[in-house]
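Protein chains: 2
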Amino acid sequence: MHRSMAILGTKWKPIIIYALRERKARFGQLHAAIGTISKKVLTDMLKELEADHILLRQEFKELPPRVEYSLTPKGKALIPIMLDLVKWDNSYYEYDKSGHPAKAVTG
Amino acid sequence: MHRSMAILGTKWKPIIIYALRERKARFGQLHAAIGTISKKVLTDMLKELEADHILLRQEFKELPPRVEYSLTPKGKALIPIMLDLVKWDNSYYEYDKSGHPAKAVTG
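Residue numbers (my numbering), protein chains in the order written: chain A, 86 to 192; chain B, 86 to 192.
This is chain A alone, in the form it adopts within the complex (with noise of 0.2 Å):
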């Protein structure tokens, strides 16, 4: 539990996964993909998210040089379980919003 969400847990990181989810990316796609993102940020988040075999950055030598980012096995396997977490959260947002007070699960 530490481990993986020392791994996800910053803002940024799971975003940075979630834009990669269908196709590599350059970092200039990526950073325009983001938006507010600043390019140290993202480059920090991207050597983190490298370390921790979640993406894959491969060097192309041509002239410019071409960096691209995707995800291994290990990030895609994280997919499905942040759209979970997403539809998690959809779905008690409204109702919270509505202050209908929480209820607790007995037993």
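Note that these hints are calculated values from the structure, not bench results.
Possibly wrong hints are sitting among the right ones.
It does not matter which identical chain is meant; a pair holds if it fits inside one copy or across any two.
Claimed, not checked - Taking lysine to aspartate or glutamate pairs in the EDC-like style, the calculated list, with each CA pair at most 20 Å apart, reads: (1) 124 x 135; (2) 96 x 174; (3) 96 x 137; (4) 161 x 137; (5) 172 x 137; (6) 96 x 133; (7) 161 x 107; (8) 132 x 174; (9) 109 x 153; (10) 146 x 133; (11) 161 x 147; (12) 125 x 153.
Source: prediction; values computed, not measured.
Since the structure of chain A is provided, determine the placement of chain B on it from the hints.
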């Protein structure tokens, strides 16, 4: 995604939720079960989880007063997702440790 990670996105909250998965607990019991958390941090986390409708705090007017924490239906609904996250982490942990290079998922 922002919102659900903001709710979960600390080291401690998933551990607190998990500790309450099968039973109510008083503050002292939670503190003992979790071990390394400070009382100040545990107090703050419990307040935030209550505000997010994940925990219910029940006060019993006894002498000495008794306070019990339990999961709401929203909190209970998080448990299977958290278990999936643990399973995900465990299934790739040994693989990563072996130094096996992560492979890209193409297509």
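Status of the hints after comparison with the structure:
1. 124 x 135: within (16 Å within a copy, 35 Å between copies)
2. 96 x 174: Answer is both: 15 Å inside a copy and 19 Å across each meet the 20 Å cutoff.
3. 96 x 137: Intra 17 Å, inter 17 Å, cutoff 20 Å: intra and inter.
4. 161 x 137: So residue 161 and residue 137 pass the 20 Å test inside one copy only (13 Å; across, 29 Å).
5. 172 x 137: This pair counts as between: shortest inter-copy Cα distance 16 Å, intra-copy 25 Å.
6. 96 x 133: The answer is both: 14 Å in one copy and 17 Å across copies each meet 20 Å.
7. 161 x 107: Only inside one copy: residue 161 and residue 107 sit 9 Å apart there, 31 Å across copies, limit 20 Å.
8. 132 x 174: between (28 Å within a copy, 19 Å between copies)
9. 109 x 153: Close inside one copy (6 Å), not across copies (48 Å); limit 20 Å.
10. 146 x 133: neither (23 Å within a copy, 49 Å between copies)
11. 161 x 147: neither (28 Å within a copy, 52 Å between copies)
12. 125 x 153: within (17 Å within a copy, 44 Å between copies)
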